[in-house]
Amino acid sequence: MTAATASQTAGPYWHLIDFPEWADLLRADGPNAGVTGGERIVLTGRVTDGQGAPVADAMVEIWQADPEGRYDGAFHGFGRCGTDADGMFRFVTLKPGPVPGRGNQTQAPHVVLSIFARGLLKQLVTRLYFAGEALNENDPVLQAIEPARRGTLIARRTAAPGEWRLDIRLQGEGETVFLDV
Amino acid sequence: MTDPIGYRRPDPATQPPYDVPAYGSTHHRHPKQAPVRVPHTLTEVSGPRFSPAWYAPHADLSTLNGKAALGERIIVAGRVLDEDGRPVRGAMVEVWQANAAGRYHHPGDQHDAPLDPNFLGRGRVFTDEEGNYRFTTIRPGAYPWRNHPNAWRPVHIHYSLFGAGFAQRLITQMYFPGDPLLAYDPIFLSTADEAARNRLIARFDLDITEPEWALGYRFDIVLRGREATPFENDGAH
Ligand SMILES: [Fe+2]
Chain A
1 MTAATASQTA GPYWHLIDFP EWADLLRADG PNAGVTGGER IVLTGRVTDG QGAPVADAMV
61 EIWQADPEGR YDGAFHGFGR CGTDADGMFR FVTLKPGPVP GRGNQTQAPH VVLSIFARGL
121 LKQLVTRLYF AGEALNENDP VLQAIEPARR GTLIARRTAA PGEWRLDIRL QGEGETVFLD
181 V
Chain B
1 MTDPIGYRRP DPATQPPYDV PAYGSTHHRH PKQAPVRVPH TLTEVSGPRF SPAWYAPHAD
61 LSTLNGKAAL GERIIVAGRV LDEDGRPVRG AMVEVWQANA AGRYHHPGDQ HDAPLDPNFL
121 GRGRVFTDEE GNYRFTTIRP GAYPWRNHPN AWRPVHIHYS LFGAGFAQRL ITQMYFPGDP
181 LLAYDPIFLS TADEAARNRL IARFDLDITE PEWALGYRFD IVLRGREATP FENDGAH
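Just so you know, the sequences run in chain order A and B. Take 1 as the starting number for the first sequence in full-length UniProt numbering and just add one per residue. Take 1 as the starting number for the second sequence in full-length UniProt numbering and just add one per residue.
Among the hints, a few may not be true.
[Said to hold, decoys possible] Label pairs and their in silico Cβ distance ranges:
| id | chain 1 | residue 1 | chain 2 | residue 2 | range |
| --- | --- | --- | --- | --- | --- |
| 1 | B | A56 | A | D72 | 16 to 26 Å |
| 2 | B | W213 | A | V42 | 46 to 56 Å |
| 3 | A | G52 | B | T209 | 49 to 59 Å |
[Claimed, not checked] Computed footprint of chain B on chain A; a stretch qualifies when at least three of its residues, placed anywhere within it, have a C-beta under 8 Å from a C-beta of chain B:
| id | region |
| --- | --- |
| 4 | 7 to 18 |
| 5 | 42 to 55 |
| 6 | 72 to 83 |
| 7 | 94 to 104 |
| 8 | 114 to 124 |
| 9 | 136 to 148 |
| 10 | 165 to 175 |
None of these hints come from the bench; they were simulated from the model. C-beta: ideal position from N, C-alpha, C; glycine also.
The task is simple: from the sequences and hints, build the whole structure.
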């Protein structure tokens with residue numbers, strides 16, 4: 001057995017593989033052009049560092065199930081978005097459904113968020129959950145996190161229709177809970 | 001429903017940590033709390049399928065609009081395998097790099113080296129049934145950075161890979177053999193295990209080299225393998 005290749009930072013110039021349209025999973029000429037149904041949502045948030053400064057050069061990727069909770073359906077649940085000067089990311093997608101967990105558990109609707117950036121020698125992985133979902137109470141990943149920090153994974157509705165916000169704090173007070181996957 | 005088979009956890013020595021004092025950008029960006037380990041579910045073992053129909057391949061970085069980029073033309077080829085040596089088929093491999101002078105085609109790169117109008121420095125290829133990939137480019141140049149006095153990055157090509165499961169997602173860098181800058185680079189040195197580190201260095205390969213055309217380098221990449229199933233090693237075939 002050969003161990004997996006070592007990760008290395010994406011560095012400051014990963015924008016060469018940035019295609020801003022990938023942040024809109026519902027783009028007219030994209031892989032989900034033929035997909036119908038589901039609830040259109042916007043996922044946004046701000047990435048900040050240990051000094052509270054915006055991380056303006058991060059690459060955020062999402063991976064999620066379709067509205068029925070499937071990963072093998074027609075929906076292409078992948079997106080990539082660069083943070084802007086204020087550290088903000090913004091995805092347009094469909095709200096995922098509940099996904100089977102291990103055993104006979106059910107996972108609450110969630111979106112995987114991966115953060116790549118200069119200064120991150122490997123990606124940071126977390127999940128975005130939706131505030132108010134009854135299934136959150138029994139979600140095995142949320143339950144594995146101490147209650148005081150669970151909120152760092154739970155997106156809140158904003159004033160804009162269909163928009164959810166989750167800020168990511170890489171370090172320090174209110175630090176996001178990252179997952180060892 | 002049967003539980004999905006998860007991916008193996010890496011030996012920490014073979015991967016870099018988040019907090020590397022010698023690499024300044026990690027100081028305010030590494031989490032202070034340990035990540036929470038989660039068992040793998042469908043979410044981690046499934047992953048996006050990238051159809052070349054939506055993600056167009058681009059295997060020749062050495063020309064732009066039919067005009068040749070400046071620098072030493074090279075071919076980079078290799079295989080993408082998992083930890084058990086199985087080919088990873090249809091993996092999307094994205095690459096990006098500086099030009100021959102050590103400058104990125106990127107507004108954030110203000111290094112006083114010339115831009116090349118015929119070089120953008122980004123590509124995208126897919127592995128075949130045996131896990132093989134291949135692209136043509138020019139050998140990038142070393143470039144300075146401000147990590148410490150007189151800091152220079154060794155010559156490298158950035159790689160982004162997607163395997164079958166999102167837990168296999170990997171971003172890494174390929175280095176070149178014999179580069180004296182490797183010994184001073186905190187990013188390369190961040191991985192504790194020397195053998196693991198050295199697998200980031202491509203090998204010159206005369207079989208990939210094309211006569212009168214371009215030098216060839218081989219860079220094989222290993223993505224995480226699956227945990228063993230109880231039935232896999234019982235020898236009862
Ligand atoms: Fe670089």
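Which of the numbered hints are not met once you compare them with the structure shown? none
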